[in-house]
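Asker: What follows is the residue order along each chain.
2 protein chains.
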Amino acid sequence: MASTVRLFVEHPLGKEQSVALSRTQAHYLFGVMRLTVGQTLLLINGIDGEWQASVVEAGKKGGALLCHVQTRPLHIPPDLWLMFAPLRKERTAFVVEKAVELGVRRLIPVQTAYTNQADRLRIDKIEAQVIEASEQCGATYVPQVDPLAKLAHMLDTWDMDRQILFADEALVGQPATQLGAQGQGAPWAILIGPEGGFSPQERDMLQAMKPTHRISLGPRILRAETAAVAALTLWQSQLGDWQ
Amino acid sequence: MASTVRLFVEHPLGKEQSVALSRTQAHYLFGVMRLTVGQTLLLINGIDGEWQASVVEAGKKGGALLCHVQTRPLHIPPDLWLMFAPLRKERTAFVVEKAVELGVRRLIPVQTAYTNQADRLRIDKIEAQVIEASEQCGATYVPQVDPLAKLAHMLDTWDMDRQILFADEALVGQPATQLGAQGQGAPWAILIGPEGGFSPQERDMLQAMKPTHRISLGPRILRAETAAVAALTLWQSQLGDWQ
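First to last, the protein sequences are chains A and B.
In my numbering, each number is its position in the first sequence, counted from 1, plus 8.
In my numbering, each number is its position in the second sequence, counted from 1, plus 8.
Source of the hints: derived by calculation from the structure; they are not laboratory data.
Being a predicted model, the structure only gives us computed values, none of them experimental.
Yeah, the Cβ is synthetic: ideal placement off N, Cα and C, and Gly gets one too.
A couple of the hints might just be wrong.
DEER-style ranges, computed between Cβ atoms [claimed, not checked]: (1) Arg42/A / Glu177/B: 43 to 53 Å; (2) Lys158/A / Arg14/B: 29 to 39 Å; (3) Gln78/A / Thr79/B: 18 to 28 Å; (4) Ile84/A / Ser62/B: 29 to 39 Å; (5) Ile84/B / Ala136/A: 34 to 44 Å; (6) Gly70/A / Glu177/B: 52 to 62 Å; (7) Thr79/A / Tyr122/B: 44 to 54 Å.
Based on the sequences and whatever the hints tell you, model everything.
Answerer: Shown next, in the form of structure tokens:
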């Protein structure tokens, strides 16, 4: 299946807009993807929607593109954050890729009591994964990636209008909660803990917070990244932009 | 976090049942997990539920366990098949692991018109992944893995009582279907195509079949393995054992 190249650029996009390419971008487009002068591709920048552009200059160290027509307007996902405790490298990459596909506005790695992998977390790598996933899945928006935040501190200073979806391992085997219409239109955050779950203190803190909604994700024990994808699916299908 | 070893054995489990260990199992339990005589672990065989057992003999080339008490009865997931076109190795492994966690009764790799990766498919590897995921996620049932089947042939001989959930890329951006109560209690199959989607002939064939339910999974384009996890989540939360 032939597929159109889709590239993220940090550059304004608009009618007749010219876009200069960096060495890395030129290598990707002309070395790897073998585009030549006159061929078309799609551009996104996270702000101006998706534009069709063509190659006007192709070199080893750079090049230039010219925007022609907007092929898709900007679609911003609902105001949903995914807060997740970092996992092992490939599982974190998986959560990030899936969150972009399923649709979030912001990704926040959180340090919890039982988080093991926070030292090795590379925010620049996560940002690169977010861009790659956005290019791949046809998104016109690129979710923001926050630096690592302490969960306890975030909860201490929480905006109580923002609802929290919390996949509680202690509910395993109990009925799944329908999110219902209660949180329609509100900002939300999905919170996914590390493999070891949340500490008793974290659990108490969450349960004491008014915006917390606990759900169960079935009778088997889900890995953290599976819980993230399942929770995003339930939220998007019930309250999000899958409607 | 200390965690209990959970092992799949092809052996009957029951009160005072002795279980002889193969060389591989002995290496795993005594070499890798460092269990010693008297220590306990959990056993599953996919049939008799989960049993607590203890080590009575630990050797380099074998050993013996003794079952004490059933810790969980057999829980068979709903009659749900996951039919999926094989993907690249690590993405297939991911689909398999997630299907076991989310709960299916049978995994069927299918050869579709646009399936590329079928030659390299190793059913024995998938079976090993299913067992590992079952040990990991606390399941007492181990899903069956079928050999590669031709999709066209399966649809030609389809049992029309079995409902088909079909994540249709052509619906991207249209409302997600609620599965509703229509298929409650019926046997189901979720069908996930390859990255290139289904051929026009396959699409026509599916649409002409009465048991076919098409759903959309949001406005972005999901990778095949994301679609598998999202479809399993929607099905389990609406019609399955998450209720």
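Asker: So, for every hint listed, does it hold in this structure?
Answerer: Tested hints:
Between Arg42/A and Glu177/B the beta carbons are some 26 Å apart, a value that contradicts the proposed interval 43 to 53 Å. Between Lys158/A and Arg14/B the beta carbon distance is about 33 Å. The supplied range of 29 to 39 Å therefore holds. Checked against the hint of 18 to 28 Å, the pair Gln78/A and Thr79/B fails, with Cβ atoms roughly 60 Å apart. Roughly 57 Å separates the CB atoms of Ile84/A and Ser62/B, a value that falls outside the hinted 29 to 39 Å.
In this structure the hint that Ile84/B and Ala136/A lie 34 to 44 Å apart at CB holds, the actual value being about 43 Å. For Gly70/A and Glu177/B, the Cβ-Cβ distance of about 36 Å falls outside the hinted range of 52 to 62 Å, so the restraint is violated. Distance hint for Thr79/A and Tyr122/B: a CB-CB separation of about 24 Å, inconsistent with the stated range 44 to 54 Å.
The structure does not agree with the numbered hints 1, 3, 4, 6 and 7 stated previously, though it agrees with the rest.
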